[in-house]
Amino acid sequence: MDVRPLVRRAVRGRVATPVVREQVLLFRVGEGLYGIGIRGLWEVLSPEGITSLPTPQYQICTALAYRGRRLPLVRLGELFGASADTVPPNCRVLLTQGRGKPLGILVDEVLGVVDIDPQRVAPMPALATVLSPALFRGLVGRDGRVIILISEDGLGDMTEVARFSGE
Amino acid sequence: MAPQGQRERGGGGPDAAAQVVLFQLAGKSFAVELGQVEHIIEYREPTRTPRRPPHVEGVLEHRGRYFALLNLRKRFGVAEPGPAHPAVLLITGAGPDPRVGLVVDQVLRVLSLPSDGILSPPPRVFGIRAEYIRGVANAGGRPLVWLDMTRLVSAGEAITLLA
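Just so you know, the protein sequences line up as chains A and B, in that order.
Residue 555, in this note's numbering, is where the first sequence stops; the numbers in between run on with no holes.
Residue 468, in this note's numbering, is where the second sequence stops; the numbers in between run on with no holes.
Next up, chain A with everything else stripped away, as it sits in the complex (with noise of 0.2 Å):
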């Protein structure tokens, strides 16, 4: 994780609790906000990038060739009910791990790093969506906007990428 020195500031005399940070990378799905954190994130691909972008084919996940490897890419936008008809011209595969293992992650749009207190991320609202909770790690204000922050090893988790593993 990559972690800014613990920062001590002095409030009137006394020293404040430290504050901890952490860096999630921003990235848009349809006109959601969402984040994930860079500590699992080794390479950012552009369509240029990836041997077989996957065209729509209403799966949630597919393959990603990648360096002469097959990795289960999952398709956010057909997860979140949010895919375009085509494919968006600043698209991203983001490769990360989950539970351990290489995955790709295509999302629209990446828009940057930002640094979040850890601290305050909230659990997803059980009621906000009929996806399951594990493949949120919960929400965080920034910046007077809610972002949602994406669980890699919940996405690991699901049964798609599992049956694409061969599991």
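Bear in mind the hints are in silico, worked out from the structure with no lab data behind them.
Watch out, some of these pointers could steer you wrong.
[As the list claims (entries may be wrong)] Heads up, incomplete: computed chain A residues facing chain B, CB under 8 Å, no partners named: (1) 469; (2) 470; (3) 476; (4) 509; (5) 513; (6) 529; (7) 536.
Backbone N, C-alpha and C define an ideal beta-carbon position, used for all residues, glycine too.
Assemble chain B onto chain A, guided by the hints.
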């Protein structure tokens, strides 16, 4: 719940009054227990969540806490759009989450319902099954439906509000 037509008794004795928050939805009067209402706030656009049920608008942040925002018009299958500036009731102790937001047309006032003025509901009121109703009362000559928010929020059954 008492049999239909009998007086609903609270736990505080025969003269105990129930404090409820009175609100309007699609021209009808409803109530929710005051003790379950944490805040009443103005409506603002929520963060849209993926694959949400049709009556869920997303999540809203309020004072560092997050809650699912449920639109009661949609929960009751009301097709007509609501007012431009609806209200949001922050409800606690209803459903699987610590709190939920409930979008209603307008919050009117806090009302004290004497226990002998609360009747057990008939099988259906405005199309809503009695299972989701704690009682009915007369509020200024109009029927008032006291909703059981816990059951209403938890259940997945479709409900259609009748005229």
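- Message: Next item in the hint list is residue 529(A). Is there a CB on chain B closer than 8 Å to its CB?
- Response: It holds, given that the least Cβ distance between residue 529(A) and chain B is near 5 Å, below 8 Å.
- Query: Per the CB criterion, is residue 509(A) less than 8 Å away from chain B?
  - Reply: 10 Å, violated
- Interface hint compliance - residue 470(A) to chain B, C-beta minimum distance less than 8 Å: 7 Å, holds
- Double-check residue 536(A) for me: the hint is only fine if its C-beta lies closer than 8 Å to a C-beta in chain B. 7 Å, holds
- Query: Hint check: is the beta carbon of residue 513(A) less than 8 Å from a beta carbon of chain B?
  - Reply: At 4 Å from the nearest chain B Cβ, residue 513(A) passes the 8 Å test, so the hint holds.
- If you take the shortest Cβ to Cβ gap from residue 469(A) to chain B, is it below 8 Å? Residue 469(A) check passes; min Cβ-Cβ to chain B is 5 Å, inside 8 Å.
- Please verify that hint: residue 476(A), Cβ, nearest Cβ of chain B, below 8 Å or not. Hint on residue 476(A): violated, closest Cβ of chain B at ~16 Å, above 8 Å.
Hint compliance for this structure: hints 3, 4 are not met, and every other hint is.
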